[in-house]
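S.K.: Here our numbering is used: the first residue of the sequence shown is 249, the next is one more, and so on.
Calculated from the structure, these hints are not laboratory results.
Any given hint might turn out to be false.
Claimed, not checked - No more than 20 Å apart at the CA atoms, straight line, and that leaves these computed lysine to aspartate or glutamate pairs for EDC-like:
(1) K496 / E357
(2) K633 / E619
(3) K594 / D280
(4) K719 / E589
(5) K317 / D623
(6) K275 / D285
(7) K633 / D688
(8) K358 / D280
(9) K715 / E589
(10) K496 / D280
(11) K499 / E361
(12) K493 / D362
(13) K719 / E357
(14) K633 / D623
(15) K390 / E470
(16) K287 / E586
(17) K365 / D508
(18) K283 / E586
(19) K271 / D285
(20) K390 / E404
(21) K510 / E361
(22) K317 / D399
(23) K283 / E589
(24) K317 / E404
(25) K510 / E357
(26) K317 / E619
(27) K288 / E586
(28) K636 / E619
(29) K287 / E589
To be verified - Here are the simulated distance ranges between beta carbons:
(30) P380 / L456: 28 to 34 Å
(31) W267 / L488: 28 to 34 Å
(32) D623 / M513: 51 to 57 Å
(33) F611 / K493: 43 to 49 Å
(34) I620 / P585: 42 to 48 Å
(35) N626 / L488: 44 to 50 Å
(36) A272 / K717: 32 to 38 Å
(37) L502 / K287: 37 to 43 Å
(38) V609 / I379: 40 to 46 Å
(39) K517 / I375: 15 to 21 Å
(40) P465 / R662: 46 to 52 Å
In this text, a Cβ means the ideal position worked out from N, Cα and C, and glycines have one as well.
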Amino acid sequence: MKGQSNNSIEVSPRKRSIWRGLKAAIKGTTVDYTKIDLKKAIFLLAVPMILELIMESAFAVVDIYFVGKLGASAVATVGLTETYMFLLYSIAMGLATGVTAIIARRIGEKRGEDASKAAIQSIIIAILTSIPFAVCGIFFAKDMLALMGGDAWSLEHGYRYTQWMLGGNMVIVLLFIINAVFRGAGDAAIAMKVLWVANGLNILLDPLLIFGWGPVPAMGIEGAAIATTIGRGIGVVIQLWILFKGGKHIKASLAQLYIDGKTMMNIVKTSLGGVGQMIVAMTSWIFIMRILADIGSDAVAGSTIALRIMMFTLMPAWGLSNAAATLVGQNLGAGHPERAESSVWKIGMYNMFFLIVVSIVYFFFNHALMEIFTDNPNVIAIGGKWLKILSYSYFVYGWWMVSVQAFNGSGDTRTPTKINLVFFWLIQIPLCYFLAVMQDWGYSGVFWAVFVSETGVGLFTLWLFNKGKWKTVQV
Numbered sequence: 249m250k251g252q253s254n255n256s257i258e259v260s261p262r263k264r265s266i267w268r269g270l271k272a273a274i275k276g277t278t279v280d281y282t283k284i285d286l287k288k289a290i291f292l293l294a295v296p297m298i299l300e301l302i303m304e305s306a307f308a309v310v311d312i313y314f315v316g317k318l319g320a321s322a323v324a325t326v327g328l329t330e331t332y333m334f335l336l337y338s339i340a341m342g343l344a345t346g347v348t349a350i351i352a353r354r355i356g357e358k359r360g361e362d363a364s365k366a367a368i369q370s371i372i373i374a375i376l377t378s379i380p381f382a383v384c385g386i387f388f389a390k391d392m393l394a395l396m397g398g399d400a401w402s403l404e405h406g407y408r409y410t411q412w413m414l415g416g417n418m419v420i421v422l423l424f425i426i427n428a429v430f431r432g433a434g435d436a437a438i439a440m441k442v443l444w445v446a447n448g449l450n451i452l453l454d455p456l457l458i459f460g461w462g463p464v465p466a467m468g469i470e471g472a473a474i475a476t477t478i479g480r481g482i483g484v485v486i487q488l489w490i491l492f493k494g495g496k497h498i499k500a501s502l503a504q505l506y507i508d509g510k511t512m513m514n515i516v517k518t519s520l521g522g523v524g525q526m527i528v529a530m531t532s533w534i535f536i537m538r539i540l541a542d543i544g545s546d547a548v549a550g551s552t553i554a555l556r557i558m559m560f561t562l563m564p565a566w567g568l569s570n571a572a573a574t575l576v577g578q579n580l581g582a583g584h585p586e587r588a589e590s591s592v593w594k595i596g597m598y599n600m601f602f603l604i605v606v607s608i609v610y611f612f613f614n615h616a617l618m619e620i621f622t623d624n625p626n627v628i629a630i631g632g633k634w635l636k637i638l639s640y641s642y643f644v645y646g647w648w649m650v651s652v653q654a655f656n657g658s659g660d661t662r663t664p665t666k667i668n669l670v671f672f673w674l675i676q677i678p679l680c681y682f683l684a685v686m687q688d689w690g691y692s693g694v695f696w697a698v699f700v701s702e703t704g705v706g707l708f709t710l711w712l713f714n715k716g717k718w719k720t721v722q723v
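Use the sequences and the hints to build the structure in full.
M.R.: Written out as structure tokens, the structure is:
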């Protein structure tokens, strides 16, 4: 009994310490991430970033679950619309990459006023960026779906989903950019809470607007898009309120609401590489989805569901990777390049172990995962095959994510762009066409081509990161 009491005394303080750290990570803290213990810094940043992206992926899974009840054509419509949304995401995420790098560097340099000025300019850029997509979505939704090989149901009914998603894209872009500001500043807990509110509302509104209830009419697939627009729109309002009220590490003021050409151009210049790398990566998916559309709606539906499952499992890994970007940027700004590099290797190991576990689940339970979202046996077989193929080297993808974010966090967004150009455009797309069409492997050819290219890009990017030139980048 006495020994048990001593063990209790030894264990309890450690448990209390972990619990206090978890509460601090979720609540938010004013600590200097360039000075505290590195493992603690990773924990405080990664926990809210992981929780933020888990909610994002949970929304994606829940959304496709409800849309899946409308049939394979409805799911295919979502998939085809997302090929265009990928273009939007590529620009928004590319801008977010540059914004995070600049904000993190200014915070690391202890230049808070310049950080908040950059935040305002990034919001202006986000608004301007969203306008062309809104115009195209509102007026040319049917034409865009037809171009991607949409079936008759998509063109007659599904186009309204495309109209809402692209027409209301401004709230999506702003959500990306303002959360990038908070993450770069070290206010990851704020970004997490905003996304939880936005996507929580989205999840609640999805079944209500898709299927109807009481006085609310059933809107079908259009309801899913309206739910997204409302949920994320409210999220943006909350973001702006917090930004001007003041977060833990950054606060904007109304006096900064003007166009600053020099700051804006620096954001654009730093973001161009990020936009380029995302456009290259995302547009490769457009070609892939186009090939799958020619194979059939079941191939698109199976791939779309599998992609949502992948997103769900990758989001914790992306959360860890985003922590690497913030730590690299802030530590380079504070003049600690070796600490920046050490953070990347630590986070990379965490990512690898996590994705090995995910790979095991994919290998043994791929059909069970697909059956959660559809009862179509062909769709289940197609999506399950992709998940199983991915399981063979998914952990390599985790290293790619972390090393890419290290480049991005340093402000070197051009190197990942060049890497993506080679592996996604010059290898992945031609190999997809060769295996799927010329060798008549069908959707299996697409999946194996993705496996080859993404395993290769992971190994090469990690090797290039290890050379260390990213430490000398100035932003």
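S.K.: Each hint needs a verdict: does it hold in this structure or not?
M.R.: Each hint tested on the structure:
no.: 1; hint: K496 / E357; result: 16 Å, holds
no.: 2; hint: K633 / E619; result: 13 Å, holds
no.: 3; hint: K594 / D280; result: 19 Å, holds
no.: 4; hint: K719 / E589; result: 8 Å, holds
no.: 5; hint: K317 / D623; result: 10 Å, holds
no.: 6; hint: K275 / D285; result: 19 Å, holds
no.: 7; hint: K633 / D688; result: 17 Å, holds
no.: 8; hint: K358 / D280; result: 10 Å, holds
no.: 9; hint: K715 / E589; result: 11 Å, holds
no.: 10; hint: K496 / D280; result: 11 Å, holds
no.: 11; hint: K499 / E361; result: 8 Å, holds
no.: 12; hint: K493 / D362; result: 17 Å, holds
no.: 13; hint: K719 / E357; result: 15 Å, holds
no.: 14; hint: K633 / D623; result: 16 Å, holds
no.: 15; hint: K390 / E470; result: 14 Å, holds
no.: 16; hint: K287 / E586; result: 14 Å, holds
no.: 17; hint: K365 / D508; result: 8 Å, holds
no.: 18; hint: K283 / E586; result: 13 Å, holds
no.: 19; hint: K271 / D285; result: 17 Å, holds
no.: 20; hint: K390 / E404; result: 8 Å, holds
no.: 21; hint: K510 / E361; result: 15 Å, holds
no.: 22; hint: K317 / D399; result: 18 Å, holds
no.: 23; hint: K283 / E589; result: 15 Å, holds
no.: 24; hint: K317 / E404; result: 18 Å, holds
no.: 25; hint: K510 / E357; result: 19 Å, holds
no.: 26; hint: K317 / E619; result: 12 Å, holds
no.: 27; hint: K288 / E586; result: 17 Å, holds
no.: 28; hint: K636 / E619; result: 15 Å, holds
no.: 29; hint: K287 / E589; result: 13 Å, holds
no.: 30; hint: P380 / L456: 28 to 34 Å; result: 31 Å, holds
no.: 31; hint: W267 / L488: 28 to 34 Å; result: 33 Å, holds
no.: 32; hint: D623 / M513: 51 to 57 Å; result: 53 Å, holds
no.: 33; hint: F611 / K493: 43 to 49 Å; result: 48 Å, holds
no.: 34; hint: I620 / P585: 42 to 48 Å; result: 45 Å, holds
no.: 35; hint: N626 / L488: 44 to 50 Å; result: 46 Å, holds
no.: 36; hint: A272 / K717: 32 to 38 Å; result: 35 Å, holds
no.: 37; hint: L502 / K287: 37 to 43 Å; result: 39 Å, holds
no.: 38; hint: V609 / I379: 40 to 46 Å; result: 42 Å, holds
no.: 39; hint: K517 / I375: 15 to 21 Å; result: 19 Å, holds
no.: 40; hint: P465 / R662: 46 to 52 Å; result: 50 Å, holds
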